[in-house]
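S.K.: So the protein sequences, as listed, match chains F and H. Position one of the first sequence corresponds to residue 193 (the working numbering), numbered consecutively onward. Position one of the second sequence corresponds to residue 5 (the working numbering), numbered consecutively onward.
These aren't lab readings, by the way, just hints derived from the structure by calculation. Fair warning: this is a prediction, and the values are worked out from it, not measured in the lab. Certain hints may be false.
[Stated by the list, open to error] Only pairs whose alpha carbons sit at most 16 angstroms apart, straight line, appear in this in silico EDC-like list of lysine to aspartate or glutamate:
#: 1; chain 1: H; residue 1: K78; chain 2: H; residue 2: D311
#: 2; chain 1: H; residue 1: K224; chain 2: H; residue 2: D192
#: 3; chain 1: H; residue 1: K63; chain 2: H; residue 2: E101
#: 4; chain 1: H; residue 1: K365; chain 2: H; residue 2: D338
#: 5; chain 1: F; residue 1: K337; chain 2: H; residue 2: D248
#: 6; chain 1: F; residue 1: K471; chain 2: H; residue 2: D201
[Said to hold, decoys possible] What follows is a list of derived Cβ distance ranges for each label pair:
#: 7; chain 1: H; residue 1: F134; chain 2: F; residue 2: G336; range: 56 to 62 angstroms
#: 8; chain 1: H; residue 1: I369; chain 2: F; residue 2: F463; range: 33 to 39 angstroms
#: 9; chain 1: F; residue 1: R283; chain 2: H; residue 2: Q124; range: 40 to 46 angstroms
#: 10; chain 1: F; residue 1: F473; chain 2: H; residue 2: D338; range: 41 to 47 angstroms
#: 11; chain 1: H; residue 1: I369; chain 2: F; residue 2: L465; range: 39 to 45 angstroms
#: 12; chain 1: F; residue 1: A262; chain 2: H; residue 2: T298; range: 25 to 31 angstroms
#: 13; chain 1: F; residue 1: L338; chain 2: H; residue 2: T274; range: 41 to 47 angstroms
Even glycine gets a Cβ: it sits at the ideal position worked out from N, Cα and C.
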Amino acid sequence: MDQFSSMFVLALNYAVPIVIASLGGLYSERSGIVNIGLEGIMLVGAFVSAAFVPLFEAQLGPVTPWIAIALATLAGGLYSLIHAYISVDLRGNQVVSGTALNMLSVGVTVYFCQIIFNQQRTQAFRNGFIKQTVPVLSDIPIIGKLFFTRIYPTFYVAVVLVLVTWFVIRKTRFGLRLRASGEHPSAVDSVGVSVRKMRYIGVLLSGLLSGLAGGIMVLTQSTQFTVFSIHGVGFIALAALIFGRWHPVGVLGAGFFFGFSQIFSIYSTDFALLQNIPKEFFNMLPYVLTILAMLVFSRRSVGPRAAGQSYDISER
Amino acid sequence: MKKLLTLSLVILLIFSLTACQQKPAEPAPTPEPPAAETPAEETPAEETPEPAEEPADEKISVGLVTDTGGIDDKSFNQGTWEGVIRYAEENNLVLNEDYSFLQSVSDADYIPNLSQYADQEVDLIVAAGFLFEKAIQEVSTNYPDQKILFIDAVVDAPNVMNAVFAEHEGSFLVGVAAALKAQEAGKDTVGFVGGFDFDLIQKFEAGFEQGVWAVDPDMKVLVEYASGFDKAEEGQSLATKMFDDGCYVIYHAAGGTGNGVIKEGKDRATEGQDVWVIGVDKDQYEEGVYGDGTKSVILTSMIKRVDEAAYIACKAVAEGTYQGGIQVFDLKADGVGIPKENPNLTDEWVKTVNEFAEKIKAGEITVDPAPVRVKGN
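Chain H with its partners taken away, still in its complex shape (with noise of 0.2 angstroms):
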């Protein structure tokens, strides 16, 4: 008894030990073979017409490093690879040979993830979030040839083609519709919590508080920062108090703190409080349904196509355009905006929303990326 015990015992600290040491979950692809052989044999007789229409391109391969979220997320890593898929798909990329990715288990494996693409000498790599920031300044030197696709945050590299959103634009929408919302049901106040006060997640503050003030300047706008994006139970205290001060809306920018403001809407809503809440990044709609499963919490959300964003370096790359520098993806360039379905606006509020965002998109309004909080006074 008390030896199987100990064996027990020494097979559970075994375990814990190999839980530590990660491989990357998918399997590094192999310097691939002379690129003519694999079409030859990969592609059935009966397969798509389409592409023979147009003249191939040349058929490039894609390496995508996930920061520590993972790779289905539900947010920026799954949104970046489905940008890809959607690439590969078209142009019959086959998966881990022509394109793949690697999951990043902590900030130190950044580094080597992206190098080992780089040494594969892929044709891009792609890899999303600020928090990449440092890994892509060292790789991007050490591989100067190399083409990188670095979303949502800035490196400064002739290699690096950055692509960063204005949250600021699409977030003034959510707020128009926000204040619409407020108003039909005769409330005065909506609020903004955020993930982190720093300077990207201010554009969305921004953004909210302009949108709502367009509609009805005389609209409170409470604003509340958590400690970070991965504070489920901050986020849910934080909407509980301000749905207590008589919020009426909460548009959250704050990751997975902002699931504890889904949460607590959605606890709300279940006990027939008449409350709501904007979703961010992605369409968030699934995320605060409640009750029997046909209604959502979710008003409508602020979207980020980071899909697009590595969508179109991937095709930038084939047809050779690729450049470094900054591309933004602003309303105009479809990188921000509304989802196409929003069950809880009415026609008519998605109407007026659609009028503002040809307002921005022709210049007839700027919207500020600093919050009036900022900016003092």
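With the rest of the complex left out, here is chain F (with noise of 0.2 angstroms):
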């Protein structure tokens, strides 16, 4: 039990990024618009909160990493709107822009990254977030172990917006609104709703979501930003969204199983039945449960349709 709780939750700390990034882009497609630029966007939102944190953890103290954060959700929402102008306004393929918000986003951060700090990655932090056990409600049987117990705050986060999405996409207007821009633009045209508008908001919502995303993830997994920071998560997070069947609760339990796969290869010497494997095929793990993934569930799972598509105001 002791070693399935310490798997469970350090299985939920990877699952984390990949949720809020996965969210992120269950707006943009929702609102008809593909971004695979979650990587890239991540990428930005983790350097702009490890940038932030060494320059000011001295004067700000604990709270800094909660600042950086914040700082990288709106770097993460300003950085999308690259994505929104291109493949909204201007009508350009949307895998193309979004390619090349990845591209874009290695060079940008490491260029900045040499000018603040003088090398190729930030330079090391202390106040990264800090694993923390709730009072009371750890003391519950089982669930204060799974849930309560050494883990992220920013857990927390992440399971709140998950509701947050689920309510905001299935019970308001604006849901109902985005929704329909995904699936028949055209139609929410006709009454009179700016479908621009709409997957404006869908693009830089995923956007401020990547970017959370990012930031999180540099900040509970590691010490310091380098161009590796990010690591595939974004494009993980893109599965995990088809896995999820672009449903907010869907994405955070293939959020769960990818964490999982993650761990997987830090376990692997515990079983006795995994020990001669090499280590290095649970290295693998992760992205050959990806690719299963898309193989067995991708035929099933239909997306928005008018995902992917620009809607020309003309044409209808």
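Using the hints, put the two standalone chains together into the complex.
M.R.: Here it is in structure tokens:
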């Protein structure tokens, strides 16, 4: 049980950035814009927060990481506007634009590292997030051990975001319009709602959330920013989005699934059955599972119908 | 509005392009003017009395090439550079004239950077880290008269001086410290995290386990290896697992991955758990500071004196005693060891550690560079 709970909590920590970035992808794709730039936006968010902390932690103390992820959120939002402009206003190819976002992020972040820190990465920080045990709640049998003991507080941020997203998408007028823009944009247009505005908001939200995810990822899992800080989690988040069928709760489950797959390499040596398999195999596992999940689920799960198509008001 | 956005987009793209195209951070010193000119205008009259006493050795020029870690990596590159600086300051060398460094942005920069110094005919090129192996092989063949100091790995060429360290001996000492600390707390398990499972890092593992068992043959040593030296998140996860499995002290030989181990140790110490981490390569005490800044989770560190290697090589070049081949920096040569200041060790433990060090120096204890796990049984 002890080992399982320590595995479980680790998996949750890996799942948090995947889930949050995936929610970002959800807003964007629901509005009709495919955003494969999640990875790049996360990298920008990671850079901003990891650069902010070492520069200001001496003055600000323990609240520094919270301010840092707030800034990462903003930076991600701003950065995503490039994608919004290209794919909504210029009606450019959304995949190409997203790819450009990914490539640009590598150059820009390293460039600023070089300017600010005079090296290829940020200076190591001291005040990342710290694992915490929630008083009282951690005494609940089983659940207390799994969800409230030695866990990063950012986990609760992810859970709240899942609930909020579910509510917004399913229960509000805004959510309805957002979904409609992704399914049938001309219908949205015909009732006097601006598709352009909806899609801008969708992409902006994806940028805000991915930036947040990147910031959280670097401040919980690392001690400094490097170009490899995100290492493919943005793409795993996209897979989790498809795997979770564009549904917030599904995304949460898919995020856990991929989180678990990441910690297998850590625990593989503890199980007699798995001991003879080389460790490298388990390092590969999250990516293999991503492909498998795509193979199995992508046919049955159908995304927003108009996702990926630019909307031209004159063609209505 | 539209135009403005397009324009700013274009500017961003241009930025990203220029960001990829790296220039060496430090402009290469221009080919030196006839050597006699510089000191005349550089040395102010009131300066330092001491060089007058000893017959001034001929001034040498030194060029250091960093690996991708950069000059301030708080590890190899920085340590080596500090050794060069120490020599330079003692001998009144002028930065960017007599000695300088070039930073490598990617692996592809190694050969051009090394060659650039070789073309300038500096007296000594210094490079640290096994990443340089191929590059040094090539450059040492292309420039057979160029003296090169290569730290931490071996290239068999007559003009290359290879500085290798007896990491297993230093690791033995921190193993002793770990076991003493665990014994005091009544714990029976300590751990080791390596960056990657190959012979160089196994030397750390081997020395550590032998040191632990020299104090307490019954103590358990858990061993984990990560999948690289830049995976802090993996280091953190491995440490989480090992601490949960009852490890009291973890010794890491994992570079950036080890920062994750230290982070997990700090997290737990902040929460009031009693756990410790042992640092590597340099005194990592500062990295382990937590809470109000007066305590550190770093019990002690296994220091590799790369600065000493650089210093000695510079000196050898100046004195004309430089020769290629392998130079071993072991305990006896003061190449490895624990820091001078160990706030988390009692004087008594430091004494015990030093006793073991003396025994190793005297040859009474031989530390095996291969761990039991690898030797089989």
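S.K.: The structure should be examined with respect to each hint, and the outcome stated for every one.
M.R.: Consistency of the hints with the structure:
1. H:K78 - H:D311: Measuring from Cα to Cα gives roughly 12 angstroms; hence the hint holds.
2. H:K224 - H:D192: Cα-Cα ~6 angstroms, so holds.
3. H:K63 - H:E101: holds (11 angstroms)
4. H:K365 - H:D338: holds (10 angstroms)
5. F:K337 - H:D248: OK: K337 (chain F) and D248 (chain H) at ~13 angstroms, within 16 angstroms.
6. F:K471 - H:D201: Distance ~11 angstroms between K471 (chain F) and D201 (chain H) Cα, so the pair holds.
7. H:F134 - F:G336: 56 to 62 angstroms: Violated, since F134 (chain H) and G336 (chain F) (Cβ atoms, about 47 angstroms apart) do not stay within the stated range.
8. H:I369 - F:F463: 33 to 39 angstroms: Roughly 37 angstroms apart at Cβ, these two residues keep to the hinted range, so it holds.
9. F:R283 - H:Q124: 40 to 46 angstroms: Given about 54 angstroms between the Cβ atoms, the range is violated.
10. F:F473 - H:D338: 41 to 47 angstroms: Given a distance of about 43 angstroms, which is inside 41 to 47 angstroms, the answer is holds.
11. H:I369 - F:L465: 39 to 45 angstroms: Holds - the Cβ-Cβ distance for I369 (chain H) and L465 (chain F), about 40 angstroms, lies within 39 to 45 angstroms.
12. F:A262 - H:T298: 25 to 31 angstroms: At 30 angstroms between Cβs, range holds.
13. F:L338 - H:T274: 41 to 47 angstroms: Violated - the Cβ-Cβ distance for L338 (chain F) and T274 (chain H), about 22 angstroms, lies outside 41 to 47 angstroms.
Of the numbered hints listed earlier, those contradicted by the structure are 7, 9 and 13.
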